[in-house]
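Participant: Top line first, the protein sequences correspond to chains A and B. Counting from 1, one number per residue, gives the positions in the first sequence under the numbering used here. Counting from 359, one number per residue, gives the positions in the second sequence under the numbering used here.
These aren't lab readings, by the way, just hints derived from the structure by calculation. Just so you know, not all the hints are guaranteed correct.
[As the list claims (entries may be wrong)] Across the chosen pairs, the derived CB separations fall in these ranges:
(1) T57/A / E535/B: 39 to 49 Å
(2) S211/A / G370/B: 32 to 42 Å
(3) R487/B / E189/A: 30 to 40 Å
(4) K369/B / K42/A: 54 to 64 Å
(5) G207/A / R472/B: 52 to 62 Å
(6) N526/B / P242/A: 55 to 65 Å
(7) L519/B / R179/A: 17 to 27 Å
(8) R179/A / L602/B: 49 to 59 Å
[To be verified] With a Cα cut of at most 30 Å, we get these calculated BS3-like pairs of lysine-lysine:
(9) K610/B / K550/B
(10) K42/A / K283/A
(11) K265/A / K143/A
(12) K504/B / K103/A
(13) K143/A / K171/A
(14) K171/A / K222/A
(15) K103/A / K171/A
(16) K143/A / K103/A
(17) K610/B / K484/B
(18) K171/A / K550/B
(19) K369/B / K103/A
(20) K171/A / K369/B
(21) K484/B / K369/B
(22) K143/A / K550/B
(23) K265/A / K42/A
(24) K143/A / K504/B
(25) K265/A / K22/A
(26) K277/A / K265/A
[Stated by the list, open to error] Covered by chain A, per the in silico footprint, the following chain B stretches (three or more residues, Cβ under 8 Å):
(27) 382 to 389
(28) 482 to 488
These numbers come from a predicted model, not from an experiment. C-beta atoms are modelled at their ideal positions from N, C-alpha and C, and glycine is treated no differently.
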Amino acid sequence: MKEPEIQSYALRAPGNREEQFKLCALHPVVRRNYFIPSPPLKRASDLVLQRVSLRRTSCSFVAVPRFGKTHATRFITDEISSTLPDVYVVRMVCEMIGAQRPKAFHDFVFESSGGLIERVRRDASSALMRVVRRWTIEAVSAKATHIALIADEIQRMTPEELTYLADITNKVMDESELRITTVAFGSPEMVYLRDTLCALRRQDLIGRFFSGLTSFEGLQSKDELREVMQAYDDPECAEFPPGSGWSFSRFFFPTAYQLGWRLNKSAPMLWDALQAKAQKLKKWELGAEYWSAAIEFVLTNYMDFDDAVGPIEEQVWTAAAEDCGFAESLNATYFPGQAVIWQPRSAAKVGKRGKSDA
Amino acid sequence: MPKRYTPTWGKGWTGPYEGPFTLALKSAWANLPTTAGTSALFNGQSFGHGWQVQSSASLLSRPPDRGGEWADRCLSHYAGDWTFELASDQHFRFCPDCLRQGYQASIYQIQALRLCPIHFRELTTKCMRCGALTCAYSLNQAAFGKPFHCWHCSEVWVEGLSLRSLSNTDELHAECEQRLADLYRWLSSLQKVEIVDRRKGSRSGCGSDGWYRTIDPDCRLLERMGVDRRIAGFWIATRLSHMLLDADLFVKLNQRLAFAGTVVGGNSEQDSRDDHLASFIPIYKSIRRHIEKTYLKRCGCEIAIDMQSSSRRRMPRKVPHLLKPSFAIWRRRFELTLDFDLYKRVQRSWSGYLRTDNSLSASARRCRFFYAASFLKWYGNDRDLRWPIELLPSMVLSNFFSLCNEVKALMDETIEDQTIQRKHDALDIRGATDSIWLQANLHQRILESTEFPEQITGPYFGIGDMPFQSSCSQVVLALTYSSLAAIDLAKNWA
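So here's chain A without its partners, still in its complex pose:
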């Protein structure tokens, strides 16, 4: 199908199986190009909003891989922008550049902020100032009084790079009296980074970037899973085609949807199927990658325009739980029951030293 044809066709909801099939290729679920805020994400967002509005130094989250850090940073960025208009938000996805020289890191930060890098030699101080100027100018232009730096994958940074980042925040404060709240997201390795900083006696960096370290959780109960799946049923949260008033679940099972089927009713079945994968663990969490993959599996694989009952069979959800990769992640990327955040080894010593110094 030619692209213009698809676009004009996509403006209205499918009327039959053939149209549904054609539009399916454009569906966000098929393209995995959508976002549904989960309850843990909302909790994290509320915490960030609270700390940013209180102008705290930092707010850090440790998340297991595939739990939805990147989407979380995007969501939180939007939330801060819409909720706190006097806060300018910079989002940065950290990379393992291993910058031995500050210039390389400053250039990276500048480019992450949307800055245009020119291909000329420049010294480190001018590279630093360029970042500082960009942040301050953007903030002042937006009439902001505070800056929120959302740093994703912060565990990839080295202590040196954190030092350079601290230089930037200090310089911004000097230049424009704008304070910065660093909202850091990282995988459990960021705890090792905190330990390293502790061993290096870089408490200044720990205080600046790793204070208020919190675990970014996954879904912890059937109810939370139902809440997420309910979003698929709600056209206000998830609508396709745009303006059609059709929710995601209705698109894939329109007849069943009209006859009363709802996706969220299958939440207990999916949860039980995943529980079976987690074997006898009493407490486990479900990452965003897995619940979204399971739901997408069911919607796309069992899509049926004329189906009157919807995917309500247990084996469907068992297959989805099998396919989503949750089982493979157990004890590979996710260790249920194991604390994601632990106290640094030298924390006690540091604490004592700190007290005695005080």
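Since the structure of chain A is provided, determine the placement of chain B on it from the hints.
Facilitator: Just chain B now, kept in the frame of chain A:
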């Protein structure tokens, strides 16, 4: 959606009619680019594609074959060929109040504009802290190395300039829109006035050799009197294209410098002045003959110059006396008679000595310099031989105007006395040939003079077929000599 990379730029940083210089300064301050990076913005290129402009490329006009984001903000976009005749890029001119918010309109570079049309503060080219002159209005390292800072004291040009003040410009921009529109409209209308080169009969180009040389001798006259040619050019332009603006904003021309000649239209004013002058003709003639008899005959018609140190060069040992062309002009102007043959002979004999022609070869320039030095030495200016010969005509002409002024005053006082003839017959003007006036600061003297005779404010030169262009220098030099004598004469009378 792919991420779009943009240069850093603040909201409210671009004001109406804002010139490219402050825009580039803000860009440089925000992005810390190299000069090449900044220049790229004027040439339709993104950062980093280093099309190297000359480091001193003027920001009054854009490169003709380049279009850039801010190219339309150059003054030349509005004023066209008149740009360099009205505005200077020698120094950045600003209003302190405007610059406090990072704003400078391109018209602030117009030399004749004295006050900021928005704040009515005097435009300046000096650092508000140390008084050092600002850098050139061009892409240069002094300006863009540390934007908004004085190259001399490294302090910011005006106090209060900050990041927040740069963005807080809503009121200022509204004022600019309101108050500058008329001036820019006038500049745009000026573009329709074609600059015509009389010699070539074609449109002349902009540049240092612009219209003032060819379109109106008055302007050249004013320039030689020490008035900035751009200020003179502005007032000429106001005649060519009517301007409905507050005249107090602009530098006023001293009444004695007011020119009467017009580029277009008739010459009725000149005719009436000539009628008025006719009543003085006998007196002027008497003065001239007296000088001629008592000085020229004594000194001879030629001036001997010591040229020994340049024996290898083919240089004349004698040059024609300055008084000869002086008297020719005197007669042309004040006696309304002209021995044109004599004038042409004089011109030929002086030809080549004092030409200010850029086409001279390097060796010819050296010869001319040497000659000029010898000339000044002979006239007693042995203290400083480094004067450029080009300075001499303006000094000479200034002196001549002083002479005319004082003679006029004298005439006014004594016209009813009927004794003037007897008075000046009794004068001894031999001492008047001393060259003290050449040593004095004549430039300053003419500026201090407050009056100028009305009847000599018209065009002196370039009338009819007189070959003004090529003979200006020697004519003016000749006038000096007659001035010296006549001023002394007038003093003795007083």
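Participant: Determine for every hint whether it applies to the structure shown.
Facilitator: Quick rundown of the hints versus the structure:
{"no.": "1", "hint": "T57/A / E535/B: 39 to 49 Å", "in the structure": "holds, 44 Å"}
{"no.": "2", "hint": "S211/A / G370/B: 32 to 42 Å", "in the structure": "holds, 36 Å"}
{"no.": "3", "hint": "R487/B / E189/A: 30 to 40 Å", "in the structure": "violated, 53 Å"}
{"no.": "4", "hint": "K369/B / K42/A: 54 to 64 Å", "in the structure": "violated, 32 Å"}
{"no.": "5", "hint": "G207/A / R472/B: 52 to 62 Å", "in the structure": "holds, 58 Å"}
{"no.": "6", "hint": "N526/B / P242/A: 55 to 65 Å", "in the structure": "violated, 40 Å"}
{"no.": "7", "hint": "L519/B / R179/A: 17 to 27 Å", "in the structure": "holds, 23 Å"}
{"no.": "8", "hint": "R179/A / L602/B: 49 to 59 Å", "in the structure": "holds, 52 Å"}
{"no.": "9", "hint": "K610/B / K550/B", "in the structure": "holds, 25 Å"}
{"no.": "10", "hint": "K42/A / K283/A", "in the structure": "holds, 21 Å"}
{"no.": "11", "hint": "K265/A / K143/A", "in the structure": "violated, 46 Å"}
{"no.": "12", "hint": "K504/B / K103/A", "in the structure": "holds, 20 Å"}
{"no.": "13", "hint": "K143/A / K171/A", "in the structure": "holds, 19 Å"}
{"no.": "14", "hint": "K171/A / K222/A", "in the structure": "violated, 47 Å"}
{"no.": "15", "hint": "K103/A / K171/A", "in the structure": "holds, 15 Å"}
{"no.": "16", "hint": "K143/A / K103/A", "in the structure": "holds, 29 Å"}
{"no.": "17", "hint": "K610/B / K484/B", "in the structure": "holds, 21 Å"}
{"no.": "18", "hint": "K171/A / K550/B", "in the structure": "violated, 52 Å"}
{"no.": "19", "hint": "K369/B / K103/A", "in the structure": "holds, 27 Å"}
{"no.": "20", "hint": "K171/A / K369/B", "in the structure": "holds, 21 Å"}
{"no.": "21", "hint": "K484/B / K369/B", "in the structure": "holds, 28 Å"}
{"no.": "22", "hint": "K143/A / K550/B", "in the structure": "violated, 44 Å"}
{"no.": "23", "hint": "K265/A / K42/A", "in the structure": "holds, 22 Å"}
{"no.": "24", "hint": "K143/A / K504/B", "in the structure": "holds, 25 Å"}
{"no.": "25", "hint": "K265/A / K22/A", "in the structure": "holds, 28 Å"}
{"no.": "26", "hint": "K277/A / K265/A", "in the structure": "holds, 20 Å"}
{"no.": "27", "hint": "382 to 389", "in the structure": "holds (count 3)"}
{"no.": "28", "hint": "482 to 488", "in the structure": "violated (count 0)"}
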